[in-house]
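Below are the chains, spelled out letter by letter.
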Amino acid sequence: MPLPIVFIGIAAATGAAGAGAAVKAGVDHNTAKKINSNTEERIMHAALRLEGLRHQCGEALGSLGKEKMQVLSASLLPFVDAFAKIKNVDFAESSGLLELSKLHDDSASFEKEDTLEHFGVSLAGGSLAGLTGGALAAFGAYSAASTFAVASTGTAISSLSGAAATNATLAFFGGGSLATGGLGMAGGTAVLGGLVAGPALLVMGVIVSAKVGKGLEEAKRYAAQADELCQQFENGAVQCVAIRRRTWMFYNLLARLDALFLPLVFDLERIIETEGTDYALYTEDSKKTVAMAASAAMSVKAVLDTPMLSEDGSLADSAETEFPRFLEDIRAKEKLLGN
Amino acid sequence: MVLNKRAALKIFCYLMAADGAATADEQECFQAIGTELDPDAFCEYREQIVEEVDRQIHSGIEEEDAYELLLEGIDRELAVPAEGEAGIGVRLLVWDLLTIAFSNAEYAGAERKLIKHIVRVTGMEHSVFFEMEHSMKTIAAIEKEMNWIEQSNRPYAQVRPIVDELQNRRAATMEGIRQLIQDEEYESVEKIAPPKDSKIAKWSANFASTGTELGGKFAGATKSIAGSINKQTRKLFSRSKDANAGEHTEAESTEE
Numbered sequence: 001m002p003l004p005i006v007f008i009g010i011a012a013a014t015g016a017a018g019a020g021a022a023v024k025a026g027v028d029h030n031t032a033k034k035i036n037s038n039t040e041e042r043i044m045h046a047a048l049r050l051e052g053l054r055h056q057c058g059e060a061l062g063s064l065g066k067e068k069m070q071v072l073s074a075s076l077l078p079f080v081d082a083f084a085k086i087k088n089v090d091f092a093e094s095s096g097l098l099e100l101s102k103l104h105d106d107s108a109s110f111e112k113e114d115t116l117e118h119f120g121v122s123l124a125g126g127s128l129a130g131l132t133g134g135a136l137a138a139f140g141a142y143s144a145a146s147t148f149a150v151a152s153t154g155t156a157i158s159s160l161s162g163a164a165a166t167n168a169t170l171a172f173f174g175g176g177s178l179a180t181g182g183l184g185m186a187g188g189t190a191v192l193g194g195l196v197a198g199p200a201l202l203v204m205g206v207i208v209s210a211k212v213g214k215g216l217e218e219a220k221r222y223a224a225q226a227d228e229l230c231q232q233f234e235n236g237a238v239q240c241v242a243i244r245r246r247t248w249m250f251y252n253l254l255a256r257l258d259a260l261f262l263p264l265v266f267d268l269e270r271i272i273e274t275e276g277t278d279y280a281l282y283t284e285d286s287k288k289t290v291a292m293a294a295s296a297a298m299s300v301k302a303v304l305d306t307p308m309l310s311e312d313g314s315l316a317d318s319a320e321t322e323f324p325r326f327l328e329d330i331r332a333k334e335k336l337l338g339n
Numbered sequence: 001m002v003l004n005k006r007a008a009l010k011i012f013c014y015l016m017a018a019d020g021a022a023t024a025d026e027q028e029c030f031q032a033i034g035t036e037l038d039p040d041a042f043c044e045y046r047e048q049i050v051e052e053v054d055r056q057i058h059s060g061i062e063e064e065d066a067y068e069l070l071l072e073g074i075d076r077e078l079a080v081p082a083e084g085e086a087g088i089g090v091r092l093l094v095w096d097l098l099t100i101a102f103s104n105a106e107y108a109g110a111e112r113k114l115i116k117h118i119v120r121v122t123g124m125e126h127s128v129f130f131e132m133e134h135s136m137k138t139i140a141a142i143e144k145e146m147n148w149i150e151q152s153n154r155p156y157a158q159v160r161p162i163v164d165e166l167q168n169r170r171a172a173t174m175e176g177i178r179q180l181i182q183d184e185e186y187e188s189v190e191k192i193a194p195p196k197d198s199k200i201a202k203w204s205a206n207f208a209s210t211g212t213e214l215g216g217k218f219a220g221a222t223k224s225i226a227g228s229i230n231k232q233t234r235k236l237f238s239r240s241k242d243a244n245a246g247e248h249t250e251a252e253s254t255e256e
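Quick mapping for you: the protein sequence lines, in order, are chains U and H.
My numbering puts the first residue of the first sequence at 1, with every later residue one more than the last.
My numbering puts the first residue of the second sequence at 1, with every later residue one more than the last.
In isolation and in its complexed conformation, chain H is listed as follows (with noise of 0.2 Å):
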C-alpha cells in the first residue's frame, strides 16, 4: 500500500495534536521529515496542511468530541490516492510516526493509540508494529546511555570504547530498521502467461491451413487442367500431322 505524500503529512500533523500542541521537538522534527519526503513542495503546502488539521480537530461539537476528530482525519487522509508511485509505503509512514513520537521526551498513549489504528487501517503487520516500537525503544535507551557515559567522572580511554560501541549499536539498530521498511519494497517478477490463443497465432496458424488446403485444390485442378492440356496438346500435334501427310500427298500428286 502507497500512500499520498501530502496526506501522510497531514497524519504526521494529528499524531502531534494527539497529546495536546505540538511540542518543538515534535515540530522540527516534523519539519525535518517533510522536507525529506517532498522536497520540492513541502515548503508551499506546509502551513496549508497546518491549518486544515486545525479546523478539523476544532470542528466538534464538545471537548469529549476530540479524539474521535482525530481519527476521523486520519481515516480521510489514509483514503487519499498515492500520486503515481511518487508515495510513502505504510511501514515508513509507522516508523516516521514513531520517530515523531519519540521526539519529545514521553511518547505518550494517546499517540500509541492512534499509530495503533493507522496500523489496523492499513493493514500492516501487528509484528511490523511491535518490531519498530522495540526498535525505537532500543534507540531511546541508547541515546541516554551515551548521554550519561559522556557525563560520566570516569577516564576517557574508558568511556571511548564505550561510546564506539554505542555509536555501532544506533546504526546496527536503524540498519534492522531500514531493511524491515525495504521488505515492503518488494515485488517479484510476474510470470507471463503463453499466448495460447493469441490472434497473430491464431492467423497464422488459419493462413498456413488455408494456404495448405488451397494448395491441395490447385494441385488437383492442376492435375485435371493438366491432363486436357496433354489431350488438346495430343490432339492439336496429330491434327497438324495429319495436315503435313495430306499436304506433303497433295504436292507429289501436284508434282505427278
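So that you can see chain U by itself, here it is in the shape it has in the complex (with noise of 0.2 Å):
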C-alpha cells in the first residue's frame, strides 16, 4: 500500500530536519558551556593571582615600614644621641670614607649654628615627620592602589577623590570593602599599619556582576570581555610584582647596612663611656669608628627617606635610579669594615 509509505518519507524528512537543527543547537550550548566555564575560570584565576600577588605587596610594603621603624628607633636614634655629645668632631683627617667631606662641610654649618644636636636631628627629621604624618605614608604605601584597583563600588580609584578615594585605596591594601566581603576600611588600616589582614577577592565585585550569556554569541562576547578583564588583572599583577620585589630589595638593602651601623652605634656609645666626649682625645682607631658610624648614618637616613611609590602609585624613580648607588655604598662599607 503505497499512502503509509509516503507519510513516512514526509516524516523522516521532517525528522532529519528537526534532528539536525536539534544536533547543532546542542553543539552550540555545549560550546557557549565550555566557552562560559573557560571564561570563568581564566577570570577566577587572573583574578585570585592578582589578589594574591595584591596581598604579598602589601605584607612587603607593611615590612619595610616596620623595618625602617626599627631601624630608625633601634639603631638611629640612638646614634643621633650619643653622636650629639661628642663635641669637636673633625671629620677632614678620615680619609678613605665615602662621603664624609660632605659630612664635614655638614657639621660646618652645625658649628656655625653652635649646636651639634642640629645635625642629629636634621639626620633624623625626614623620617620622623613623615612617622608622625602616619607612619607609611611616609613611605608611598597610600598611593600605591590608586593605579591598578577598583573600588568596590566598581569605580576606578583614580576617578574618586578627597575621602573617597582615600578609603578606597585604604580598602586596596585591606581586600575590598565590606560590601563586597572584604575588610573595609579597618583592615585598610590594619595592613597600613603592618598587621596582615585576611584576603578577600579584590575582584569578587567585578566577577558577580558579570553576565553570563547562555548562547554562542553571548558566550563569544563574553569571553572578549574577559580578554580585556584579564589583561588589566595581568598588568596590576605586573605592577604589584615590581612593587613587591623592590620593596624587598630594600627590605634587604636596610637589614644589610643595619647590620653594619648597629654594632658602630655600640662601638660609639662604648668610646664615649671609655674616652669621653672630646673627639680630639680620641684614638686614631675611635676617631675612624665614629668617622664610619656616621656615615653609615647618613647612608640609613638615605634609605629611610626613599619612598617605594609615586603619587600615582608607580613605583618612584628614586627607588629605581638610588638603589644602584644604595648598593654601591654598601658594598664599599662591607669592604672596609671587612664584612
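Honestly, I wouldn't trust all of these hints.
Unchecked claim - Partial list, computed: chain H residues near chain U (C-beta under 10 Å):
id : residue
1  : Val50
2  : His117
3  : Glu131
4  : Ile139
5  : Ile142
6  : Glu145
7  : Arg154
8  : Pro161
9  : Ile162
10 : Glu165
11 : Leu180
12 : Gln182
13 : Tyr186
14 : Lys191
Calculated from the structure, these hints are not laboratory results.
As the structure is a prediction and not an experimental result, all values here were calculated from the model.
The C-beta atom is built at its ideal place from N, Cα and C for all residues, glycine as well.
Join these two chains into a complex; the hints should help.
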C-alpha cells in the first residue's frame, strides 16, 4: 500500500531537519557552556593571582615600614643621641670614607649655629616628619593602590577624590570593602599599620556582576570582555610584582646596612663611655669608628627617606635610580669593615 | 623552563668543584638539598653522580682546561629533559646554587662566574639573579650580626629584642625569595578557541539543511501524489456510483 510509505518519507525528512537543528543547538549550547566555563576560570585564575600578589605587595610594604621604624628607633636615634654628645668633631682627616667630605661641610655649618644636636635632628628629621604624619604614609603606601585598583563600587580609584579615594585606597590593601566581603577601612588601616589582614577577593564584585550569556554568541562576547579584564588584572599583577620585588630589595638593603650600623653605634657608645666626649682626645681607631658610624648613619637616613611609590602609585623613580648607588655604597662599607 | 632533578644535582656537584675540592659545609648542604629535591632516589645515585662529575672534570688534556670542562659538563646537564612535571625550576636551581656557594665562608669568584653562566644559558632574568644574590648576602649579614649580638656582653633584656628582630628579618628575606621563586610557577589559564568548524557542528548543520531540503522535496512530491490520489479516488468513486446506478436499473427492469 503506497500511502503509509509516503507519510513515513515525509516524517523522515521532517525528522532529519529537526534532528539536525537539534544537534546543532545542542552543539552550540555545549560550546557556549565550555566557553563560559573557560572564561570564568580565566577570570577567576587571573583575579586570584592579582589578589595573591596584592596581598604580597601589602605584606612587603608593611614589612619595610616596620623595619624602617625599627632601624630608626633602635639604631639611628641611639646614634643621634650618642653623636650629639661628642664635641670638636672633625672628619677632615678621615680619608678613605665615603661621603665624609660632605659630612664635614655639614658639621661646619652646624658649628656656626653652635649646636651639633641640630645635626642629629637633621639626620633623623625626614623620617620623623613622615612618621608623625602616619607611619607608612611616608613610604608612599597610600598611593600604591591608586594605579591598579578598582573600588568596591566598581569605580576606578583614580576617578574618586578626597575621602572616598582614601577609603578605596585603604580598602585595596585591606582586601576590598565590606560590601564585597573584604575588610574595608578597618582592614586597610590594619595592613597599613603593619598588620597582615586576611585576604578577600578584590575583584569579586566584578566577577559576580559579569553576566554570563547562555547562547554561543553571548558566550563569545563574554569571552572577549574577559580578555580585556584579564589583561587589566595582568597589568595590575605586573605592577604588584615590580613593587613587591623592589620593596624586598630595599628591605634587604636596610637589613644589610643595619648589620653594619648597629655594631658601630654600640662601639660609639663604648667610646664615649671609655674615652669621654672630646673627639680631639680620641685614639685614631676611635676617630675612624666615629667617622664610619656617621657615614653609615647618613646611608641609613638616605634609605629611610627613599619612598617606594610615587604620587600616582607607580614605583617611584628614586626607588629605581637610587638603588644601585645605595648598593654600591653598602658594598664599599662592607669591604671597609671586612664584612 | 623545568630541569631534570638528577641533572640539577650534578650541576650542584660541578659548582662545588669550581673553587677546588668541596668543603664539608658544601657537602652537607648538597646532601640536604638532594634529600629534599629527590627524597626517594637521591641516596641511590648520589655516589654515581659524584663519580660522573669527577670523571668529567679530570678528562682534560691539561690543568688549564678545568673551567671549560666544568662548563661543558654543566651545559650537558642543562640539556637533559625533565621527566614529566617532576623537575626543578630555574629560579629554584639558582637559589640552591647560591645556597651551596654561600655555605662555606667564601663566595668565590669562580662560583659566581659559573652561576652567571647558568643564568645566561637558561635565559633567567638577570635582575632575578641579582635580587637572589642580594638576598643571600643579606641573610649572611643577618647571621653574622646575630652571632655578634649573641656574643656581646650587653644585658639579656637588650639583646633579646635585637635577636628577635634579626630572626624576623631573616624570615622576611626568605619570604621575599619564596615569592620570587613562586612567580616562575605561575601559568595563566589558556583561552579555548571557539570551535568554528568542528566536525559535529558541520555535520549537524548539513544534516539540518539536507533534512529541510528533503522535507521540501517530499512535500512537493506529496502534493503531486496527493493530487493523483485524489483524482484516482474521484474516478474510483464516480465509477462505482455509475455501476451502482447500472445495477439498480438492471434490478428494477428484472422486477418489471
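How the hints compare with the structure:
no. : hint   : result
1   : Val50  : 33 Å, violated
2   : His117 : 22 Å, violated
3   : Glu131 : 6 Å, holds
4   : Ile139 : 9 Å, holds
5   : Ile142 : 6 Å, holds
6   : Glu145 : 4 Å, holds
7   : Arg154 : 8 Å, holds
8   : Pro161 : 8 Å, holds
9   : Ile162 : 7 Å, holds
10  : Glu165 : 6 Å, holds
11  : Leu180 : 7 Å, holds
12  : Gln182 : 9 Å, holds
13  : Tyr186 : 6 Å, holds
14  : Lys191 : 6 Å, holds
Going down the numbered hints, you'll see the structure goes against 1, 2, while the others check out.
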